[in-house]
Amino acid sequence: MQRPGILTLTTDFGNDGPYVAAMKGVVLGLAPGTQIVDVSHTIAPQNILEGAFVLGEIVDAYPEGTVHLVVVDPGVGTDRRLIAASVAEQWFVLPDNGLITGVARTRKPAGVWEITNPSIRRATVSATFHGRDILAPAAAHLLRGGDPAALGSVRTRFVTLRNFNPMEDDQGFVGEVIFRDAFGNLITNIAADALAAHPFDDWRVEVAGERIDGIGRAYGDYPTGSLIALIGSTGWLEVAAVNGDAASQLSAGSGTTVWVRKKNGRTTA
Amino acid sequence: MQRPGILTLTTDFGNDGPYVAAMKGVVLGLAPGTQIVDVSHTIAPQNILEGAFVLGEIVDAYPEGTVHLVVVDPGVGTDRRLIAASVAEQWFVLPDNGLITGVARTRKPAGVWEITNPSIRRATVSATFHGRDILAPAAAHLLRGGDPAALGSVRTRFVTLRNFNPMEDDQGFVGEVIFRDAFGNLITNIAADALAAHPFDDWRVEVAGERIDGIGRAYGDYPTGSLIALIGSTGWLEVAAVNGDAASQLSAGSGTTVWVRKKNGRTTA
Amino acid sequence: MQRPGILTLTTDFGNDGPYVAAMKGVVLGLAPGTQIVDVSHTIAPQNILEGAFVLGEIVDAYPEGTVHLVVVDPGVGTDRRLIAASVAEQWFVLPDNGLITGVARTRKPAGVWEITNPSIRRATVSATFHGRDILAPAAAHLLRGGDPAALGSVRTRFVTLRNFNPMEDDQGFVGEVIFRDAFGNLITNIAADALAAHPFDDWRVEVAGERIDGIGRAYGDYPTGSLIALIGSTGWLEVAAVNGDAASQLSAGSGTTVWVRKKNGRTTA
Numbered sequence: 083m084q085r086p087g088i089l090t091l092t093t094d095f096g097n098d099g100p101y102v103a104a105m106k107g108v109v110l111g112l113a114p115g116t117q118i119v120d121v122s123h124t125i126a127p128q129n130i131l132e133g134a135f136v137l138g139e140i141v142d143a144y145p146e147g148t149v150h151l152v153v154v155d156p157g158v159g160t161d162r163r164l165i166a167a168s169v170a171e172q173w174f175v176l177p178d179n180g181l182i183t184g185v186a187r188t189r190k191p192a193g194v195w196e197i198t199n200p201s202i203r204r205a206t207v208s209a210t211f212h213g214r215d216i217l218a219p220a221a222a223h224l225l226r227g228g229d230p231a232a233l234g235s236v237r238t239r240f241v242t243l244r245n246f247n248p249m250e251d252d253q254g255f256v257g258e259v260i261f262r263d264a265f266g267n268l269i270t271n272i273a274a275d276a277l278a279a280h281p282f283d284d285w286r287v288e289v290a291g292e293r294i295d296g297i298g299r300a301y302g303d304y305p306t307g308s309l310i311a312l313i314g315s316t317g318w319l320e321v322a323a324v325n326g327d328a329a330s331q332l333s334a335g336s337g338t339t340v341w342v343r344k345k346n347g348r349t350t351a
Numbered sequence: 083m084q085r086p087g088i089l090t091l092t093t094d095f096g097n098d099g100p101y102v103a104a105m106k107g108v109v110l111g112l113a114p115g116t117q118i119v120d121v122s123h124t125i126a127p128q129n130i131l132e133g134a135f136v137l138g139e140i141v142d143a144y145p146e147g148t149v150h151l152v153v154v155d156p157g158v159g160t161d162r163r164l165i166a167a168s169v170a171e172q173w174f175v176l177p178d179n180g181l182i183t184g185v186a187r188t189r190k191p192a193g194v195w196e197i198t199n200p201s202i203r204r205a206t207v208s209a210t211f212h213g214r215d216i217l218a219p220a221a222a223h224l225l226r227g228g229d230p231a232a233l234g235s236v237r238t239r240f241v242t243l244r245n246f247n248p249m250e251d252d253q254g255f256v257g258e259v260i261f262r263d264a265f266g267n268l269i270t271n272i273a274a275d276a277l278a279a280h281p282f283d284d285w286r287v288e289v290a291g292e293r294i295d296g297i298g299r300a301y302g303d304y305p306t307g308s309l310i311a312l313i314g315s316t317g318w319l320e321v322a323a324v325n326g327d328a329a330s331q332l333s334a335g336s337g338t339t340v341w342v343r344k345k346n347g348r349t350t351a
Numbered sequence: 083m084q085r086p087g088i089l090t091l092t093t094d095f096g097n098d099g100p101y102v103a104a105m106k107g108v109v110l111g112l113a114p115g116t117q118i119v120d121v122s123h124t125i126a127p128q129n130i131l132e133g134a135f136v137l138g139e140i141v142d143a144y145p146e147g148t149v150h151l152v153v154v155d156p157g158v159g160t161d162r163r164l165i166a167a168s169v170a171e172q173w174f175v176l177p178d179n180g181l182i183t184g185v186a187r188t189r190k191p192a193g194v195w196e197i198t199n200p201s202i203r204r205a206t207v208s209a210t211f212h213g214r215d216i217l218a219p220a221a222a223h224l225l226r227g228g229d230p231a232a233l234g235s236v237r238t239r240f241v242t243l244r245n246f247n248p249m250e251d252d253q254g255f256v257g258e259v260i261f262r263d264a265f266g267n268l269i270t271n272i273a274a275d276a277l278a279a280h281p282f283d284d285w286r287v288e289v290a291g292e293r294i295d296g297i298g299r300a301y302g303d304y305p306t307g308s309l310i311a312l313i314g315s316t317g318w319l320e321v322a323a324v325n326g327d328a329a330s331q332l333s334a335g336s337g338t339t340v341w342v343r344k345k346n347g348r349t350t351a
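Protein chains in written order, with our numbering: chain A, 83 to 351; chain B, 83 to 351; chain C, 83 to 351.
In case anyone wonders, no lab produced these hints; they're calculated from the structure.
Among these hints, one or two may not hold up.
To be verified - If you anchor each label on the Cβ, the simulated ranges turn out as follows: (1) C:A231 with A:S333: 46 to 52 Å; (2) C:R187 with A:F282: 56 to 62 Å; (3) A:A231 with B:S201: 35 to 41 Å; (4) C:T198 with A:F282: 23 to 29 Å; (5) A:S333 with C:S168: 42 to 48 Å; (6) B:A231 with A:V236: 42 to 48 Å; (7) A:A232 with C:A231: 35 to 41 Å; (8) B:E146 with C:V236: 27 to 33 Å; (9) A:D303 with B:S201: 55 to 61 Å; (10) C:V236 with A:V236: 53 to 59 Å; (11) B:E146 with C:T339: 29 to 35 Å; (12) A:A232 with C:P145: 25 to 31 Å.
What the hints assert, rightly or not - Only part of the chain A face toward chain C is listed, based on derived beta-carbon distances under 7 Å: (13) S122; (14) V136; (15) E139; (16) I140; (17) N199; (18) P200; (19) S315; (20) V324; (21) N325.
It should be emphasised that the depicted structure is a prediction, and the values quoted were computed from it without experimental measurement.
The C-beta atom is built at its ideal place from N, Cα and C for all residues, glycine as well.
All chains, full assembly: derive it from the sequences and hints.
Right, here's the structure in full:
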């Protein structure tokens, strides 16, 4: 017998109401035994960028065959598409509004299907809750090993967001904070790879009026309260306060501009 | 071998402490392999109406045999009853304080049993945590396919709340907001069925000093920021701000009065 | 076939970001089918005492063989040790920074192993996320029935916190609040056992300028709003406001001093 599949859920539905549990009930009814993992239900309401970031961070930790159901869907009830994408031997079931960006940024999708088959959805489809009525049944179809081609026709294009790419010039990079975590760490859209051309000590990070000299390694290397820049656990440059809250300390958050400049270059001041 | 059952949990215990995890441990020890789904643990403390609403919203999404364990229990340690109710081929294990109202409003219970059997509970019963010590073992008993009659004697009456029924007169309905969701949508106690006697365009919704003309279909049909009334995903009239937060915009929430009036009728002003 | 094991997770990662889900993915990849239970991810950031308290409260509710993975780790990236401890036929996988205190306070560990084996960790170990890269693989190793000795060498000592022990004198105890739960109940570090030498009516509890006469039994015995002291569901003295929020009412929380004095003795005023 096939082992039941893994489904992860990422939404902006909040942890308080019935919406998430309704989606889970639909999946468990159609694909009994599915192991469900909540990634986050507190993506900022209708913030596609934040959803795309969180989703992109977890992919490498999941085994092949995992199905990721993601609902941050400001366009529900309009003609935006719903898609199922096969990337890195995993499935992504979501609105085609850019949510796939964090995953597809460095991984080429093996295939994308539009979800249109009226027989793979709940009998009554609400105008406001396609997560429960269309996406959950589509995820269950894939969890049961169903053919993706049964969902609808192949798509060759899908929507991506530009925010994952910082600007680059001869002095370095200008990017932005794309996520503030529970510790107040500010995670930027500047990847470690982009900074590897120079020793980490040769960079200077500027954010919210503060300058940080060099890019460090671990929180434990610095005194409590120090503002530091380091490469986080998934390869992004982040700004942190050791045993403190950098976001509060700097009054910074998603969208705050971050400069990473070569030390021998111009400053922004 | 029988597939392990599904247990949902709805409480006001919060997501922060050990209480929910203790209940889960008890269930997993007694009914190994049970699939546990958290519905919400942030029901407002001791708010039975909110618990009853959330529970009522998820029933249709769950398969037969699901056991729903619900603990919003201001009367713990007094002589309020604990019951197990069979409704819609699912089980509801909860204090008899009105929590069943949202489920039983439109579905007749097939049977209700009081939970009194001292051998189906933990060896030591705390005076303040019957969720862990009595209800969790009762739920585990049902998850293992146990006879409900072993829990205690049959009850023919159970407590229901009046708040799910708006007042009706010849001009329409006067109801109230019963839930504010994570998007700030205001869900009322007025059901779509009640409004079906007239075309949706012929109604006017009045709430917190604002008038909304007609009842719409989907968020996507209106410009961002518009205040709209529509039928939500589970059949209740709700008031929403398109891509915004109606609750904040109107300073409204649970208990706010909502008028739904025929357009050719009297207004409240 | 062996039934898949149970893993509980307690962290200060918050419910919002990708960190918890990444740890779960690693475990599910290495120990497929593991049943994962979230205890809390909102331990106050880097608050080891709070993590130790919550963990200690749930142990008795879990079956033998359960693996508890706990990450509150202000020392990540320094030379603090990571350990796996066998206590009460369950496993505890955590940094050796005192998190084990609530569990080991009244239960002697059967064995403690340091986690050092480089082959039981992810291929790339981040300097800032040992929870995902070292502790999750170690937990998966134990969930699959692996030999703890494969993790590293035996330890005979481990770190404990002093905060679980109140001061005692001939008039009673001086302790502190160690947890504020979602209801605003103030749970102290004074255990019921310590108070059993005298009838509960003979004690007076003093906290935040208020005196409470006697130690009661259940919330339901007192009028709404009453400030009461009682023995909570896991055996600690707690201060509660009946159907209210004692923490707000008293402006008290973790660290607030609590006096428990014999009634015929001196008062603090």
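(request) Starting from the hint list further up, note which numbers the structure goes against and sort them upward. (result) 2, 3, 6, 7, 8, 11, 12, 17, 18 and 20
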